[in-house]
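S.K.: Sequence:
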Amino acid sequence: MYDIGYVEVAVFLLTGLVFYGYATRDKRRDHLPPHVRGWPIINQTFAHLEDDPTGHVIGWAKKYGEIFCTTSATTTFIWLNSREAFKELIDRRSAIYSSRHPQPLVLDVASAGKRITFMPYGKDWRALRNIFHRLLTPQMSRSYTPTQTFEAKQLSVDLLENPQDFYMHNRRYSASVIMQIIYGRRIPQCSSFFLCLLIQGIAKRYVKFTVSLRDLRITADPGHSLSTCFRPWQTLDSLTL
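Letter by letter, the sequence shown follows residues 1 to 241 in the numbering used here.
Worth flagging that the hints you see were computed from the coordinates, not collected in a lab. Small disclaimer: the values here were computed from a predicted structure and weren't measured. Hints may contain errors.
Said to hold, decoys possible - Computed spacing ranges between beta-carbons, pair by pair: (1) Pro-102 - Arg-129: 18 to 28 Å; (2) Pro-102 - Gly-55: 25 to 35 Å; (3) Gly-38 - Leu-159: 52 to 62 Å; (4) Gly-184 - Leu-159: 18 to 28 Å; (5) Leu-159 - Gly-55: 43 to 53 Å; (6) Phe-166 - Lys-63: 53 to 63 Å; (7) Pro-104 - Pro-34: 23 to 33 Å.
Claimed, not checked - In silico lysine-lysine, DSS-like type, Cα no more than 30 Å apart, as pairs: (8) Lys-62 - Lys-27; (9) Lys-87 - Lys-63; (10) Lys-63 - Lys-27; (11) Lys-62 - Lys-87; (12) Lys-87 - Lys-123.
We treat Cβ as the ideally placed atom computed from N, Cα and C, and that holds for glycine.
Construct the entire structure; sequences and hints are all you get.
M.R.: Here you go:
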C-alpha cells in the first residue's frame, strides 16, 4: 500500500489552489488600480479594522498615487485620494460608478426593496427620485410651512397637557405632516386609526431586528456590513472580523 507523504499533500493542495484561482479568475480585475502590498491571504484586513486607519491611507496614497485598491478578507476597496479623481469617477462617470452595490439584507429584507437610499440605479430608483424632486423643491418645501406650523402648535399643546406620552406625540406630529403632504389626510390624535396602523406595520416588519445607534456606527467601518449589527450574527462577526 502506497503511503501519502507531506510532499504529495503539498503538491495536491498547491495544484488545487492554482486550478481554483484560474477557474475563478475575473479578467476585469486586471484593470484595477495598483494594489497595496500586504500579507498573503489577509492582505490589509488588520489595517482596515483599526479604529483610525488614516495613517495607513496617507502612506499608501504617497506610495501608490491618488487611486489604489486594498483587500480586506474577500472584499476589494478602491480608494480615491484627490478631488480630481473623485469628480472624474463619481460625477462625470456616475452612470458607471455611482450606483450602489447589491445589499440584499438592508434593501430586500429590511425595507422590501423600496428604500431609495439603498437602491441601485434603475427604473424604480428613477421613479422615486422623480417623486422626490417634485415634492421637495425649495418652492414646494415653502408651501409645507403652514402644515408644519399648525402641527407644531398642536404638538406643543399635547406635550403640555400629556407630557407622559412624549414619544407618541412626536410620532403623531411626524406622521401627520407626512400624511398631509403625501395623501392630504391629517392625523389629529395619537389614537387615530392611521397612526396605529402605521406603527403596527413598522413594528411587524422590524420586530426581528434589534439595532442600536452604537451598533449601527460599526457599518461605516471597512470590512463590516449591516449584518454586523443584528444580534443573531453579532457573536460570529466579532470572531471573524
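S.K.: Indicate, hint by hint, whether the structure satisfies it.
M.R.: Structure-based check of all given hints:
no.	hint	result
1	Pro-102 - Arg-129: 18 to 28 Å	holds, 19 Å
2	Pro-102 - Gly-55: 25 to 35 Å	holds, 32 Å
3	Gly-38 - Leu-159: 52 to 62 Å	holds, 56 Å
4	Gly-184 - Leu-159: 18 to 28 Å	holds, 26 Å
5	Leu-159 - Gly-55: 43 to 53 Å	holds, 48 Å
6	Phe-166 - Lys-63: 53 to 63 Å	holds, 54 Å
7	Pro-104 - Pro-34: 23 to 33 Å	holds, 31 Å
8	Lys-62 - Lys-27	holds, 28 Å
9	Lys-87 - Lys-63	holds, 22 Å
10	Lys-63 - Lys-27	holds, 25 Å
11	Lys-62 - Lys-87	holds, 20 Å
12	Lys-87 - Lys-123	holds, 25 Å
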